Amino acid sequence: MDELMAVLEELRPDVDFETEKGLIKNGILDSFDIISLVSSLDEAFDIEIKPADLIPDNFNSAEAIWALVQRLMED
Amino acid sequence: MAYVSLQFVIFTAAVTAIYFLFPVRKYQWTVLLAADYFFYLYSGYKYAIFIIFTTATIYLAGKAIGRSQETEKETLKLKKAEWGREEKKAFKAGVKRRQRTVLALALIANFGILIFLKYSNFIAGGLNQLISPGTGSGPIPMLKLFLPLGISFYTFQAAGYLIDVYNATIAPEKNFFKFALFISFFPQIVQGPISSFGQLGSQLFAEHRPEFARFKAGLELILWGYFKKMIIADRAVIAINTVTADYAKYSGTVILATALLYALQLYADFSAGIDISRGIAQMLGIDMVQNFRRPYFATSINDYWRRWHISLGTWMKNYIFYPVAMSKLFLGWSKKMKASSFGKTAAGAYVAKVLPTAFSSMIVFLVVGLWHGANAKYVAFGIWNGGIIMLSILLKPVFDRLCEALRIRTESFAWRVFRILRTFVIVLIGYYFDIAPGFRGALDMMRRSITDLHLRGGISLMRGLGLGKSDWAILAFGALTIFVTSVIGEKHGYEFPGEMLEKRSFALRWMVLFASMVLVAVWGIYGPGYDPAEFVYMQF
Numbered sequence: 009m010d011e012l013m014a015v016l017e018e019l020r021p022d023v024d025f026e027t028e029k030g031l032i033k034n035g036i037l038d039s040f041d042i043i044s045l046v047s048s049l050d051e052a053f054d055i056e057i058k059p060a061d062l063i064p065d066n067f068n069s070a071e072a073i074w075a076l077v078q079r080l081m082e083d
Numbered sequence: 009m010a011y012v013s014l015q016f017v018i019f020t021a022a023v024t025a026i027y028f029l030f031p032v033r034k035y036q037w038t039v040l041l042a043a044d045y046f047f048y049l050y051s052g053y054k055y056a057i058f059i060i061f062t063t064a065t066i067y068l069a070g071k072a073i074g075r076s077q078e079t080e081k082e083t084l085k086l087k088k089a090e091w092g093r094e095e096k097k098a099f100k101a102g103v104k105r106r107q108r109t110v111l112a113l114a115l116i117a118n119f120g121i122l123i124f125l126k127y128s129n130f131i132a133g134g135l136n137q138l139i140s141p142g143t144g145s146g147p148i149p150m151l152k153l154f155l156p157l158g159i160s161f162y163t164f165q166a167a168g169y170l171i172d173v174y175n176a177t178i179a180p181e182k183n184f185f186k187f188a189l190f191i192s193f194f195p196q197i198v199q200g201p202i203s204s205f206g207q208l209g210s211q212l213f214a215e216h217r218p219e220f221a222r223f224k225a226g227l228e229l230i231l232w233g234y235f236k237k238m239i240i241a242d243r244a245v246i247a248i249n250t251v252t253a254d255y256a257k258y259s260g261t262v263i264l265a266t267a268l269l270y271a272l273q274l275y276a277d278f279s280a281g282i283d284i285s286r287g288i289a290q291m292l293g294i295d296m297v298q299n300f301r302r303p304y305f306a307t308s309i310n311d312y313w314r315r316w317h318i319s320l321g322t323w324m325k326n327y328i329f330y331p332v333a334m335s336k337l338f339l340g341w342s343k344k345m346k347a348s349s350f351g352k353t354a355a356g357a358y359v360a361k362v363l364p365t366a367f368s369s370m371i372v373f374l375v376v377g378l379w380h381g382a383n384a385k386y387v388a389f390g391i392w393n394g395g396i397i398m399l400s401i402l403l404k405p406v407f408d409r410l411c412e413a414l415r416i417r418t419e420s421f422a423w424r425v426f427r428i429l430r431t432f433v434i435v436l437i438g439y440y441f442d443i444a445p446g447f448r449g450a451l452d453m454m455r456r457s458i459t460d461l462h463l464r465g466g467i468s469l470m471r472g473l474g475l476g477k478s479d480w481a482i483l484a485f486g487a488l489t490i491f492v493t494s495v496i497g498e499k500h501g502y503e504f505p506g507e508m509l510e511k512r513s514f515a516l517r518w519m520v521l522f523a524s525m526v527l528v529a530v531w532g533i534y535g536p537g538y539d540p541a542e543f544v545y546m547q548f
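Chains as they are written, first to last, in our numbering: chain A, 9 to 83; chain B, 9 to 548.
Note that these hints are calculated values from the structure, not bench results. All figures in this text were calculated on a predicted structure; none of them were measured in a lab. One should not assume that every hint holds.
Ranges of calculated distance between the beta carbons of each label pair, as one might list FRET restraints [to be verified]:
hint	chain 1	residue 1	chain 2	residue 2	range
1	A	10	B	337	16 to 26 Å
2	B	480	A	30	41 to 51 Å
3	B	480	A	60	44 to 54 Å
4	A	83	B	179	37 to 47 Å
5	B	403	A	24	23 to 33 Å
6	A	83	B	90	15 to 25 Å
7	B	512	A	83	19 to 29 Å
8	A	27	B	93	52 to 62 Å
9	A	60	B	337	11 to 21 Å
10	B	469	A	60	30 to 40 Å
11	B	134	A	10	19 to 29 Å
12	A	30	B	404	38 to 48 Å
13	B	57	A	24	29 to 39 Å
Ideal placement from N, C-alpha and C gives every residue a C-beta, glycine not left out.
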């Protein structure tokens, strides 16, 4: 989780990822952020996030992103 | 059947009445399906075969993929203990491959038809140019093709459905007729909004009872639509058509004014069509996605495309932008650049990071351009928009630093107004490609708008463009109404002006509504012998 927080911090230092629960719903992360995030996550955790994984539920909060990362690491 | 016609009003009223009076609510949706096909066949029965083909092929493909997903789940469950990780992985990959084949075949067939009908002459013309340049003709014959009503919209909507099924974000629809309703829903078939099955599907098939609040809001939205379409758009288009028919006759000032007028007309026209569609759906108990959010208040081109034709933007983002940007090819490029010596510099690391986004944006806008029509000018329109976005992504750190160096207060109101104006100018340049006869004409019109600009003569310059003094006054009034309601809407986050009236007194509300109705009746462009202008986006 700490590693994920570091990736998120680097992506958007202006966002409070600890508390924000509507990263997509509230339009905080846009599609450009998502692509940067995906490529950073792929690299950091050696996973392959696919377009099909890009549903709002997977990216609305740091916890949701972490759950996705863990699921893909198990695959 | 045009949206702006008595026939359509009667048709909609009849459908609404039958829909709510239908004795078996469970089958209420069949009224909508019947209405869709009546509307479609009435508008041009010859082309119904195309929408039926799309409905059938996408339905069957969706069903096949769905069945394969079920079998996959069952098999994995059965073999849970027996198979190791590698075996499971290999099995999954095999299943996915088969599903991908079905998806690809269905998409190729449907986009193939769209491309053939819409672009074969464009492609043939291009090839002829290559084979025998400058002659204007060539060995490949031009075909006389007509576009089935709404084909660009329903093909995209159907393709989105199938990709969602493939990605397992929705379950495929089992009932063929329900699926046919999703593809052909009459309020949106002509010009969208392009909806996703997840958002629209279940609403179409649910049982609905008439609700006063929905009727009122829906009718207000429809009225606002007719206001924009009949008072503003159909009036402005007269002057626009006069000038664009032979722009060389006019001064740069008039051309510039025409481009500005086109910005007003295009927004009024397209958003009016969507308002009418959404209003009808709202009365029927169905919420369709929003397609516009005051686009001319956008602070960047990127922002503009999140406010203009939102449903097409969402489609492009989900089905083109993400898959392309996340493709192995693009992410691979990015990785390779990162590893290179250039990638080790600060600028290089940044470029490597945003490279997939930048290229993918360009591809999206090329498709958006081509989606609008088969013409080199639309390709230019796409490259212009995509190019600006690409540059803004690649040069963001430079701009940020420049703002810092110049001590610009980026939170200030003045800076925001500057950004809005700057974005509008970029959008306006894109519009020149729309109104010009072709790519060269667009450049010529732009050149003259800058070099042949003089304010001598003032308003009298706009005389003789097919509109009288009172028409210009009405247009000014209409533009001002849109502007003021947009400013208030932007401030309070209203979706449409009707929301402003909600908290007002009963008397004021009805006075405004009554006055609007009278204005549409009196100032609306229509009457015996008048051929109401088709919605601009209908041709796409």
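Honestly, which of those hints from before does the structure not fit? Checked against the structure, the hints that fail are numbers 1, 4, 7, 8, 10, 11, 12 and 13, while the rest are satisfied.
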